[in-house]
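Asker: Letter by letter, the chains look like this.
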Amino acid sequence: MADTALQLGIVGAYMIVALAVGAVAYRLTDRTAEDYYLASRTLGTVVLLFTTFATLLSAFTFFGGPNLAFSAGPEWILVMGLMDGIIFAVLWYVLGYKQWLVGKRHGYVTLGEMLGDRFGSTALRVVVAGVSLVWLFPYVMLQQKGAGQAIVGLTNGAVPFWVGAGGITLFMILYVALSGMRGVAWTDTLQGLFMLSLIWVAVAWVLSAVGGAGEATALLASEEPAFVGLGGGLYTPQYIISTAVSIAFGVTMFPQINQRFFAAGSKKVLKRTFALWPVLVLLLFVPAFMLGAWAAGLGITVPEGGNVIPALLGEYTPTWFTALVIAGAMAAMMSSSDSMLLSGSSYLTRDLYRPLTGRSDASDEATDRREALVARIGVVIFATLSFVSSLYTPGTLVQIGDTAFSGFAQLTVPVALALYWQGTTRSGMYAGVIGSQVFYGLHVFPVLSTLGGLVGLDVALPTAYLGWTPGIVGILVGLVLTVGVSLVTAPAATENRTAYAVTGIESD
Amino acid sequence: MSTVRAAGWTVVALVLMALAVPWFLWDTSTIAAGLPVWLWWHIGWMVLASVVFAVFARTDWGLGVEEVR
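So the protein lines, in turn, are chains A and B. Take the first sequence: its position 96, counted from the start at 1, is 96 in this note's numbering, and no numbers get skipped. One gets this note's numbering by counting positions in the second sequence from 1 and adding 1000 to each.
For the record, the hints were derived by calculation from the structure and aren't laboratory data. Do not take every clue at face value.
What the hints assert, rightly or not - A short, non-exhaustive set of chain B residues, derived as facing chain A with CB atoms under 8 Å:
{"hint": "1", "residue": "Val1015"}
{"hint": "2", "residue": "Met1017"}
{"hint": "3", "residue": "Ala1049"}
{"hint": "4", "residue": "Phe1053"}
{"hint": "5", "residue": "Glu1066"}
Note that the structure is a prediction, hence the values are computed from the model and not measured. Backbone N, C-alpha and C fix where the C-beta goes; we use that ideal spot for every residue, glycine too.
With the hints as constraints, model all of the structure from the sequences given.
Answerer: So, in structure tokens, the structure goes:
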């Protein structure tokens, strides 16, 4: 019981520090949308690097990923490195830098705004924002589920799941309502540095207890020989490539990541972040996932529905340290969630509320105030709904996460074409965006089998095409549809085809 | 000239992606210095990627993105 009090004390203290940072940022934030959502496009290298990084730091990094390494081997490190370290970095340049230039020139705050303006289509703006919010939902839920599980694991069930999940929900609502992008970015930096240090201390602690990395890996090799070899079991080349590509493409279109493309302070910031990215990914995922893999050689038993990292740390490190790591992991989930909610609320107010209520983009003080209210109400409803579903939805963290990532990934190709190919037409965008979503959606949700069941038919879509996931095939469907339809349709009269023609000079 | 450079950097990017996973070490379970060799390859490769990205950012940043019609 004393342990539980100590653990909860540490988690609580951490949350309060984070809240204090938010409060300071709040005092520095003026209430314009550009400042609230983008910190007035002023983020510097360290803050942009860590806020993007911390947004990626999620329940998966500390729970889902190490669990996979524990049960299937550490090859997920390669998936993360390839997807996050390299493919995402390339997309950072190709899509991110371009979006930054375009956004700076036209003052865009959201992806939907950017596309809607170019294609002269409010409907496209609404569709893109709607699709994004749909996929954001399961991912926010993933974080809440992670927090609930973390607290259950930490206290051995003394504190029930809903308290952990509910606590983080309440906290992130408070946080987003209070501080904007600046506060989120600052706490992200704090949390990113904190988590990174903590995970390395955890590795040092566990390894010194078992006699070094050589010893730990040797134990793993004797216990689970297949884990040490590359590939095998879960890991096929198709699996590694499909997962890496769909997640990298997905990450790019996540509202909270995509919006960061607009928030960089200067070209120099984007350059530095780009170059540091692979190393930062390496520094985080190698220790986190190796801990999970080593645990398999150390005979750690993970309780039903629990996670391997807390179980391992519980075995080798003092209670307070385990609590600190759990606090850090919860912080990571929060930093993902608050960013998601903040970006989600900008999509909601700017791309759904404004067009659907017939309001223009011109804003004055009264509209700003009203929209700020709409944004906050939206955040409360969204977070509450995802909290409620986190209590009921089955499925492991990885499955939930993967659904969302692949859903977002369907947007990447149409957006890239729009940015670089002037021949892209409005109809092409509709076809590509909606077509790929329908294709992927039909594979994720049992719509066809339910409809088929109604008329007594046994309809089932394949779960893979020659080993490739529907997420990957959907991306190709999006490519074919966008290009094909653009080629056979003429641009609409209201399209602004040169909106994205920007030079580097004007941005300096 | 810039087309050639763009093509060159595209190839570099593709190679960086293609070999982030050491496919040629598939099924190999040799351990060196406490970690599987395929993991060492990956670690080295990611550091290399950072260096290559830094060189790109210094020399040809903007290529293919700026001044596109």
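Asker: Go through the hint on Phe1053(B) and say holds or violated, using the shortest Cβ distance to chain A against 8 Å.
Answerer: The hint holds - Phe1053(B) has a Cβ within 8 Å of chain A, the shortest such distance being about 4 Å.
Asker: Holds or violated: is there a CB of chain A closer than 8 Å to the CB of Met1017(B)?
Answerer: holds (5 Å)
Asker: Under 8 Å is the threshold here; is the Cβ of Ala1049(B) close enough to any Cβ of chain A for the hint to stand?
Answerer: holds (4 Å)
Asker: Does the CB of Val1015(B) sit less than 8 Å away from some CB of chain A?
Answerer: Constraint on Val1015(B) not satisfied, violated at 10 Å.
Asker: Going by Cβ atoms only, is Glu1066(B) closer than 8 Å to chain A?
Answerer: Holds - the Cβ of Glu1066(B) comes within 8 Å of chain A, reaching about 4 Å at its closest.
When held up to the earlier numbered hints, the structure conflicts with hint 1 and nothing else.
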